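S.K.: Listed below are the residues making up each chain.
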Amino acid sequence: MSLGNWRIIYTLLCAVLVLIILSPTLGSFFGLPQGEKFSQLWILGENHIAENYSSNVTPNKDYAIYVGIGNHMGHSSYYVLYVKLGVQGEIFPNTTAGTPSPLSPLYEYRSIIENGESWETSMRFSFSNIAASGDQLLVQTIRINDVAFNVDKLASWEANNDGYYFNLFFELWFYNIDSHIFQFHNRFVELRLNITSKL
Amino acid sequence: MKGETSKHKTAIVLLFLLAISQLMPIGLAVNSDEASEAIGQADRNLGSAYVAVAEAERAGANTSSLLTKLQLAENLLSEANIAFRIGDYNKSSSFAVECTQATNGVAEEGARLKLDAERDQVNNFILIAVLSVVGVVLVLILGLLGWQYIKRLYFKRILSTKPHVEGK
Numbered sequence: 585m586s587l588g589n590w591r592i593i594y595t596l597l598c599a600v601l602v603l604i605i606l607s608p609t610l611g612s613f614f615g616l617p618q619g620e621k622f623s624q625l626w627i628l629g630e631n632h633i634a635e636n637y638s639s640n641v642t643p644n645k646d647y648a649i650y651v652g653i654g655n656h657m658g659h660s661s662y663y664v665l666y667v668k669l670g671v672q673g674e675i676f677p678n679t680t681a682g683t684p685s686p687l688s689p690l691y692e693y694r695s696i697i698e699n700g701e702s703w704e705t706s707m708r709f710s711f712s713n714i715a716a717s718g719d720q721l722l723v724q725t726i727r728i729n730d731v732a733f734n735v736d737k738l739a740s741w742e743a744n745n746d747g748y749y750f751n752l753f754f755e756l757w758f759y760n761i762d763s764h765i766f767q768f769h770n771r772f773v774e775l776r777l778n779i780t781s782k783l
Numbered sequence: 022m023k024g025e026t027s028k029h030k031t032a033i034v035l036l037f038l039l040a041i042s043q044l045m046p047i048g049l050a051v052n053s054d055e056a057s058e059a060i061g062q063a064d065r066n067l068g069s070a071y072v073a074v075a076e077a078e079r080a081g082a083n084t085s086s087l088l089t090k091l092q093l094a095e096n097l098l099s100e101a102n103i104a105f106r107i108g109d110y111n112k113s114s115s116f117a118v119e120c121t122q123a124t125n126g127v128a129e130e131g132a133r134l135k136l137d138a139e140r141d142q143v144n145n146f147i148l149i150a151v152l153s154v155v156g157v158v159l160v161l162i163l164g165l166l167g168w169q170y171i172k173r174l175y176f177k178r179i180l181s182t183k184p185h186v187e188g189k
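Residue numbers (our numbering), protein chains in the order written: chain A, 585 to 783; chain B, 22 to 189.
The set of hints was computed from the structure by calculation and includes no laboratory data.
A hint or two may mislead.
Below, in silico cross-link-like pairs of lysine to any residue (SDA-like), each with a Cα-Cα straight-line distance of 25 Å or less [said to hold, decoys possible]: (1) Lys112/B / Ala50/B; (2) Lys183/B / Asn729/A; (3) Lys177/B / Cys598/A; (4) Lys621/A / Gly654/A; (5) Lys177/B / Ile162/B; (6) Lys172/B / Val158/B; (7) Lys112/B / Glu100/B; (8) Lys90/B / Asn678/A; (9) Lys90/B / Gly654/A; (10) Lys172/B / Leu597/A; (11) Lys645/A / Asn751/A; (12) Lys621/A / Glu100/B; (13) Lys90/B / Ser706/A; (14) Lys90/B / His764/A; (15) Lys183/B / Gly588/A; (16) Lys621/A / Asn678/A; (17) Lys172/B / Leu601/A.
Below, a sample of chain B positions facing chain A; criterion: calculated Cβ distance under 8 Å [what the hints assert, rightly or not]: (18) Asn144; (19) Ile147; (20) Val157; (21) Ile162.
If you want the footprint, here are the derived chain A segments under chain B, 3+ residues with CB under 8 Å [said to hold, decoys possible]: (22) 597 to 608; (23) 656 to 662; (24) 695 to 704; (25) 720 to 733; (26) 739 to 747; (27) 757 to 764.
Computed from a predicted structure; not experimentally measured.
Glycine residues also receive a C-beta, built at the ideal position from the N, C-alpha and C atoms.
Using the sequences and the accompanying hints, generate a full structural model.
M.R.: Set out below in structure tokens:
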């Protein structure tokens, strides 16, 4: 091998060594690439697994579920989870348009979660003061964690699904530290509940 | 005369009771506007405290203890909002006030942690930069010396090689 070739190899080796030595400085100057940033939102059945979700609901009976949030945003995040109840014909969250439901929240959970951590809680709910009239069903009260909310929701009979359906859904919002307001995180989970039996 | 004194006493007692009845609601009952104002204040305080803690965290500070305080405050704010929705304004206002109290001093502590973390970050950056420069200078010097040595070895090997003549 000629001296010229040796010089190229030697210069390259020195350049690599210089880059290795400079990497901490360059890293803190330009910032290192981070992974994908996202939040998880889940709902589990009463056995704490992703099955046996309550669907056919009996009035005045307590049902339990678990809801959880996972934070992978690269920093701690301040979340609000709004619990809402809707029926067919009302506006639900739209993840394509990124818009939340305009329905007023009933219950809420707030949690500041550190990056890489998760938060989970159990929630109990029951329906009461229910009246059926013709092909409509009126639910006046939903009790969430022993707090009674007057909702007065009227559901129509869904012939194709054979029931009166109510949607109990959970919207995830997060606090935007630049705008200082809560912002819909474009994530929601829902339980579709059929209140037909033992009225 | 005795009857008039008795009437005066009754009138004074009635006036006293009336005055108390006027004062009592101010001290005990909270209306929706007052509860809403208390919730708004708690919400703003918690938001500001969270921003200060988040900025400290981004500057590299350890904010675990402050996050624990905020977690207590956020639960109180949730309770305040839930109580407000069911029309229990007394409870709502009480939770909101507790939330505001729980966030007291958190924003200031967050700002202090942020400043400390930024100062540490600058010091670390300077230290790393100085060490890097020293390292690069050392590589250049040792590299040049190494190259002189390699060149010497190369020429030594060339000179020690016997000339080889090709042909008949």
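S.K.: Each hint: holds or not?
M.R.: Verification of the supplied hints:
1. Lys112/B / Ala50/B: Holds, at roughly 10 Å.
2. Lys183/B / Asn729/A: The given pair, whose Cα atoms are some 96 Å apart, is violated under the 25 Å limit.
3. Lys177/B / Cys598/A: holds (23 Å)
4. Lys621/A / Gly654/A: The given pair, whose Cα atoms are some 11 Å apart, holds under the 25 Å limit.
5. Lys177/B / Ile162/B: With Cα atoms ~23 Å apart, Lys177/B and Ile162/B stay inside 25 Å; holds.
6. Lys172/B / Val158/B: Measuring from Cα to Cα gives roughly 21 Å; hence the hint holds.
7. Lys112/B / Glu100/B: Roughly 9 Å between the alpha carbons, so the hint for Lys112/B and Glu100/B holds.
8. Lys90/B / Asn678/A: violated (34 Å)
9. Lys90/B / Gly654/A: Between Lys90/B and Gly654/A the Cα gap is close to 20 Å, so the pair holds against 25 Å.
10. Lys172/B / Leu597/A: holds (16 Å)
11. Lys645/A / Asn751/A: holds (17 Å)
12. Lys621/A / Glu100/B: Since the Cα atoms of Lys621/A and Glu100/B sit roughly 30 Å apart, the hinted pair is violated (cutoff 25 Å).
13. Lys90/B / Ser706/A: Cα-Cα ~22 Å, so holds.
14. Lys90/B / His764/A: Holds - the C-alpha atoms of His764/A and Lys90/B are around 20 Å apart, at most 25 Å.
15. Lys183/B / Gly588/A: holds (22 Å)
16. Lys621/A / Asn678/A: holds (21 Å)
17. Lys172/B / Leu601/A: Holds: Lys172/B and Leu601/A sit about 20 Å apart, inside 25 Å.
18. Asn144: violated (12 Å)
19. Ile147: violated (10 Å)
20. Val157: Cβ of Val157/B sits 5 Å from chain A, so the hint holds.
21. Ile162: Because about 11 Å separates Ile162/B from the closest Cβ in chain A, which is outside the 8 Å limit, the hint is violated.
22. 597 to 608: Coverage by chain B holds for the region 597 to 608 of chain A (6 residues, Cβ < 8 Å).
23. 656 to 662: holds (count 3)
24. 695 to 704: Per the Cβ count (3), the hint holds.
25. 720 to 733: holds (count 3)
26. 739 to 747: With 0 residues in contact (Cβ-Cβ under 8 Å with chain B), the coverage given for the region 739 to 747 of chain A is violated.
27. 757 to 764: With 3 residues in contact (Cβ-Cβ under 8 Å with chain B), the coverage given for the region 757 to 764 of chain A holds.
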